[in-house]
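Enquirer: Make the full structure from the sequences, and use the hints.
Those sequence lines, one after another, are chains A and B.
Everything in the first sequence is counted per the UniProt record's numbering, starting at 1 for the first residue and increasing by one.
Everything in the second sequence is counted per the UniProt record's numbering, starting at 1 for the first residue and increasing by one.
Do not take every clue at face value.
To be verified - Straight line, CA to CA, 30 Å or less: simulated DSS-like cross-link-like pairs of lysine-lysine:
#1 K331/A to K162/B
#2 K62/A to K153/B
#3 K293/A to K83/B
#4 K359/A to K153/B
#5 K309/A to K282/A
#6 K162/B to K282/A
#7 K153/B to K331/A
#8 K162/B to K359/A
Keep in mind the hints are simulated off the structure, nothing from the lab.
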Amino acid sequence: MTETTVLSEITTDSGLSRDVLLNLGPQHPSTHGVLRLLLQMDGEIVERIEPHIGLLHRGTEKLFESFTYTQIFPLTDRLDYLCPPSNNLGYALAVEGLLGIEAPVRAQYIRVIMAELSRISGHLLITGALPMDVGAMTSLLYTMRDREMVMDLMEMISGVRMHTSFCRVGGVREDLPEGAEARIQEFCDIFAARISDYETLLENNRIFLARVENIGNITGEDAIALGLSGPNLRASGVDWDIRRDAPYEIYGQVEFDVILRQDGDCYDRWKCRVDEMRESLKIIRQCIGQMPKGDILIDDPKIAFPVDKDLLAHSMETHIHHFLLSANGFKVPAGEFYSAIEAPKGELGYYLISDGSEKPFRLKVRAPSFVNLQALCERTTNIKYLADVIAMLGSLDPVMGEVDK
Amino acid sequence: MVADDMPLAAVLQAYDQRVSLDLSAADMPCLLVPPADLIALCRQLRDAPALRFDFLSDICGVDIFPQTPRFMLVYHLFSIPHKRRLRLKCRLSEQASAPTLTPVWPTANWHEREAYDMYGITFDGHPDLRRIYMWEGFDGFPMRRDFPLRGYKDDYNPMGAKHPPDEAAG
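Expert: Written out as structure tokens, the structure is:
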């Protein structure tokens with residue numbers, strides 16, 4: 001980088017007070033990955049915040065243009081790497097939208113279970129990491145312990161703990177393994193009690209409350225203008241949740257509450273996520289109860305790999321389709337489609353332009369963390385001290401894989 | 001999808017055929033708008049009580065090289081009160097610039113910086129138009145369709161492609 005950081009002149013004769021340009025990150029633990037914040041400080045008071053991003057930039061959107069539609073799934077995993085099933089789902093919906101197909105009902109239930117588990121996994125990180133950022137270490141140990149249960153479930157279902165790549169265009173990769181439903185149910189029972197533990201631990205912690213209450217307030221109007229979405233928007237009192245307002249998959253058939261808070265401060269953003277985890281448990285339990293038996297992938301050999309792998313040994317037809325799908329992928333009709341889902345961080349949108357070939361002409365990701373992070377440098381209020389910047393950043397819950405794409 | 005359920009007729013009328021409906025879009029209504037009318041149209045879409053597109057979801061740059069005009073800016077709007085989506089498309093030639101939408105939606109700031117960084121599309125009146133992902137001094141605009149996949153050759157990238165003669169001279 002050619003950029004230079006300049007320390008300004010000492011402004012007072014005594015030398016006790018000076019304006020400083022302060023680099024926070026990219027290695028500081030509170031910068032959530034590799035975010036670099038350039039802070040213009042007057043003593044302890046923050047005058048200007050300038051996030052510098054791009055340190056993780058992997059050219060994901062450029063890579064999309066060279067990959068077939070199935071090969072793209074692992075790339076989407078690496079956006080919000082805490083919640084890959086949500087990223088997979090948003091992308092699959094965009095491709096299915098252009099193809100004019102829909103996943104079988106059982107696959108939709110499995111997708112929603114995975115997406116809600118990943119919401120819990122994502123929210124658990126901020127539930128522990130925000131308090132840790134402001135000095136309360138214990139909560140992170142508890143949330144990581146519980147997040148491990150989600151990771152175990154992911155491993156049981158998909159074979160992988162993090163980058164699951166579990167969705168496929170037209171369904172999911174595998175059916176739930178035997179015993180998975182009971183294990184998910186067991187997790188729901190254990191975890192429901194644990195959520196109250198976090199509240200007891202932190203809502204009685206005066207230091208935590210003093211660090212996050214009335215800090216970084218964002219009004220509903222400002223939140224909309226800044227493009228905030230998800231819990232960050234709902235914490236400011238804006239009642240919008242894509243799962244309820246534009247239901248995709250089977251969200252229209254499950255009941256849950258949309259969590260709203262009114263003050264839009266760091267505490268509300270934290271609390272919104274804690275309460276949302278309860279709603280996710282509610283959704284998962286209903287899915288387990290309602291989920292029918294049946295197909296998990298559409299029966300179209302030109303788009304989906306065969307679920308029954310034995311067919312490959314006995315059917316030449318299946319073999320040929322499998323070979324062509326592996327080697328060339330499948331074609332998607334020319335056109336454009338924007339799919340938006342309620343990912344853990346907010347509106348995750350995929351805008352797909354197809355030219356009719358096996359690879360996207362253009363695939364743009366509307367990454368919620370990218371947009372949310374902008375609130376840090378725009379007109380947020382009540383950020384006065386350096387310590388408040390840390391709380392504000394933690395409460396926005398950016399994941400840098402998604403910010404930098 | 002045509003805009004049957006959306007009162008867009010008044011908007012189309014006000015712009016006297018400069019703004020038209022793109023009937024090819026299958027997922028949501030789409031308006032084609034020239035850059036000169038972009039800000040006024042967006043303000044109208046945001047403020048008209050029947051529309052209230054108060055949320056700018058996304059701005060996407062698209063390069064359709066070698067067609068002309070080369071670039072397309074795609075705006076995705078959402079109305080939180082009415083729960084509707086709308087797409088705007090704005091065609092731009094390589095030399096042209098688009099007006100910034102930051103006065104209408106502050107969130108446009110980073111989206112426009114991204115479009116500038118990746119495609120070299122410039123935005124008039126943008127408060128802080130700098131690269132956002134790539135470092136200052138990065139050569140070229142990596143999402144352009146004629147940008148070599150291995151980048152341009154320099155001290156750190158010996159496997160890269162040579163510059164086109166006209167750009168190397170400049």
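Enquirer: Would you check the hint for K162/B and K282/A, treating anything up to 30 Å between C-alpha atoms as holding?
Expert: Measuring from Cα to Cα gives roughly 58 Å; hence the hint is violated.
Enquirer: With the threshold set at 30 Å, check whether the alpha-carbon distance from K359/A to K153/B stays at or below it.
Expert: It holds: about 27 Å lies between the C-alpha atoms, which stays within 30 Å.
Enquirer: With a cut-off of 30 Å on the C-alpha distance, tell me whether K62/A and K153/B pass.
Expert: Distance of about 19 Å is within 30 Å: holds.
Enquirer: So if I understand the rule, the pair passes when the alpha-carbon distance is 30 Å or less; does K293/A with K83/B pass?
Expert: 33 Å, violated
Enquirer: Can you confirm whether the C-alpha distance between K162/B and K359/A stays at or below 30 Å?
Expert: Cα-Cα ~27 Å, so holds.
Enquirer: Next pair to validate is K153/B with K331/A; report whether the Cα-Cα distance is within 30 Å.
Expert: The given pair, whose Cα atoms are some 34 Å apart, is violated under the 30 Å limit.
Enquirer: Would you check the hint for K331/A and K162/B, treating anything up to 30 Å between C-alpha atoms as holding?
Expert: 33 Å, violated
Enquirer: Does the alpha-carbon distance linking K309/A and K282/A stay inside the 30 Å limit?
Expert: Judged against 30 Å, a Cα distance of about 35 Å means the pair is violated.
In the structure shown, a violation is registered for the earlier hints numbered 1, 3, 5, 6, 7, in ascending order.
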